[in-house]
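All chains, full assembly: derive it from the sequences and hints.
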Amino acid sequence: MATEPRDGGDLRRTARALPTLFRIGFSSALAYRSEFIVWILATNMPLVMLLLWTAVAKDGPIGRFGEKEFTAYFLATLIVRQLTGSWVVWEMSMEVRQGTLAMRLLRPIHPFLSYAADNLAALPLRGLVALPIAVGALFCAGGEQLTKDPVLWAIVPVSILGAWLLTFAAMLAIGSLALFFESSLAVYDMWLGLFFIFSGYLMPLELLPKELHAVVNASPFPYVLSFPVQTMLGLSSRSEAFASLGIEWLYAAGFLALALVLWRQGLRRFAAYGG
Amino acid sequence: MRRYLRLLGVQLRASALLAMQYRLDFLLDAVMGVFWTASALVPLLVLFSQRKNVAGWTWPEALLVVSWFTLLKGVLDGAIQPSLANVVEHIRKGTLDFILLKPVDAQFMVSTSRFEPWKATDVVGGLGLLAFALQRIKSSGGHLPGPGDAGTAALLLVGAVVILYSIWILVVALAFYVVKVDNLSYLFSSIYDAARWPSSVFRGVVAFVFTFLIPLTVMTTYPALALLGRLEPWKGAAAVLGAFAFAFVARRVWLTAIGKYTSAGG
Numbered sequence: 001m002a003t004e005p006r007d008g009g010d011l012r013r014t015a016r017a018l019p020t021l022f023r024i025g026f027s028s029a030l031a032y033r034s035e036f037i038v039w040i041l042a043t044n045m046p047l048v049m050l051l052l053w054t055a056v057a058k059d060g061p062i063g064r065f066g067e068k069e070f071t072a073y074f075l076a077t078l079i080v081r082q083l084t085g086s087w088v089v090w091e092m093s094m095e096v097r098q099g100t101l102a103m104r105l106l107r108p109i110h111p112f113l114s115y116a117a118d119n120l121a122a123l124p125l126r127g128l129v130a131l132p133i134a135v136g137a138l139f140c141a142g143g144e145q146l147t148k149d150p151v152l153w154a155i156v157p158v159s160i161l162g163a164w165l166l167t168f169a170a171m172l173a174i175g176s177l178a179l180f181f182e183s184s185l186a187v188y189d190m191w192l193g194l195f196f197i198f199s200g201y202l203m204p205l206e207l208l209p210k211e212l213h214a215v216v217n218a219s220p221f222p223y224v225l226s227f228p229v230q231t232m233l234g235l236s237s238r239s240e241a242f243a244s245l246g247i248e249w250l251y252a253a254g255f256l257a258l259a260l261v262l263w264r265q266g267l268r269r270f271a272a273y274g275g
Numbered sequence: 001m002r003r004y005l006r007l008l009g010v011q012l013r014a015s016a017l018l019a020m021q022y023r024l025d026f027l028l029d030a031v032m033g034v035f036w037t038a039s040a041l042v043p044l045l046v047l048f049s050q051r052k053n054v055a056g057w058t059w060p061e062a063l064l065v066v067s068w069f070t071l072l073k074g075v076l077d078g079a080i081q082p083s084l085a086n087v088v089e090h091i092r093k094g095t096l097d098f099i100l101l102k103p104v105d106a107q108f109m110v111s112t113s114r115f116e117p118w119k120a121t122d123v124v125g126g127l128g129l130l131a132f133a134l135q136r137i138k139s140s141g142g143h144l145p146g147p148g149d150a151g152t153a154a155l156l157l158v159g160a161v162v163i164l165y166s167i168w169i170l171v172v173a174l175a176f177y178v179v180k181v182d183n184l185s186y187l188f189s190s191i192y193d194a195a196r197w198p199s200s201v202f203r204g205v206v207a208f209v210f211t212f213l214i215p216l217t218v219m220t221t222y223p224a225l226a227l228l229g230r231l232e233p234w235k236g237a238a239a240v241l242g243a244f245a246f247a248f249v250a251r252r253v254w255l256t257a258i259g260k261y262t263s264a265g266g
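Chains V and L, in that order, give the protein sequences.
Residue numbers for the first sequence follow our numbering, beginning at 1 and rising by one.
Residue numbers for the second sequence follow our numbering, beginning at 1 and rising by one.
By construction, these hints were calculated from the structure, which means they are not laboratory data.
Accuracy of the hints is not assured; some may be wrong.
Here are the computed lysine-lysine pairs in the BS3-like style, where the Cα-Cα straight-line distance is at most 25 angstroms [claimed, not checked]:
#1 L:LYS52 - V:LYS68
#2 L:LYS52 - V:LYS58
#3 V:LYS210 - V:LYS58
Computed from a predicted structure; not experimentally measured.
Structure, rendered in structure tokens:
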């Protein structure tokens, strides 16, 4: 059974357990390092898109984007994606199917927290390999594209954290669906498909037809990727950035609440088959 | 030979029966197929709304590449990926021994162990796109493929399937050494995604890699060029020959790898 922290004592116990959880997460990331490198390499889409759009921009800029702007845009995309990536939906679906979720439920800590610790603990290793290269390339190839506004720079880390939380919470919500039916991964595929188009992963969102802009901005997807990237490159104004920040965190909170509800409902049906 | 054909029949029937159990998956796969194809078209649409011509390709011509990409993806996801993902699972659990014990060629056995017929929706989608692209080329007065061009394209399709299969066999052979390679398939799909763009977009080192090391160019751009009547015959011949050479190498590697295999004690 899931044990939610009920009083101060539980909360303190959870806080005490966190460093250990981080250490475990980091060790397991280290143990599966070859798998990690594969995951990192698999995030190559921004690079393919970079090649594609710069090839197109050779004959002249598209909207605000010339060769340099595209280069900076997709390198920033790569960085944000590496920092905010999560895979908890696969983990959950596998654990539910194989019944190993029971092990996680036995621990006196909310499973969402242990998933989060696993994910966050792996970030340093992910970052270690990919980030220096991407950040270096970004400064060399598109240094002058980066914003010089300190306020925007202050927003960047908060927006990246929010993007991670939003991705993670959405994955938790979709992963919790695995407790109800088998095809939760298909739902995630749907999310991923929409993400590709509407998050700015394949192209800067402003290049989409104007009629779509309102719909896209109301969806959660731009806040997962496009918003931190745009802020980093100074493509949006301060007021726009603040508004986006609010929407991003609202979405994150909303998905987290949804995930908690689905999880609690779904757990009643979980019978730990196998295990 | 007859025995192997009969065995293939049995395996196909088993897969078909399994697929019939999950009929709802058909609907899901069909919807997802359409959805993914459509989502893949969005950047292309945006691109060609800005330009008439990208890296030497017009909109319907680029669509030919996408249609070939979708078609091949259907083959990959329906006939190649499922069985070989199975093998990786077998290796990890140690149950591969049961297959190795059977008095037939192990590579044949594992390569035919699972088909997912519902994934054929992508093949249908690819053919639909192909028809649409050809119709657009016709209405703009472009070159329509003659029987020779179509024959070359079909040969290249065979070559592409052989290459895809060989790459997969190499990945599986790797699983004998490092065991945890289920996400290598993910890596491969993510690289294969680049094949939906005409290869002239890529330059320098990347162009070299995509032509010779991971021959995406050969798989989708060459057939499209053949249909447009723009592929030099020697390139087509080299591509097909290369594909079979690749398959030969993959077979050698598989045999070496399986020779080194020391069961996980299933």
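Do the hints match the structure? See the list:
{"no.": "1", "hint": "L:LYS52 - V:LYS68", "verdict": "holds (22 angstroms)"}
{"no.": "2", "hint": "L:LYS52 - V:LYS58", "verdict": "holds (14 angstroms)"}
{"no.": "3", "hint": "V:LYS210 - V:LYS58", "verdict": "holds (24 angstroms)"}
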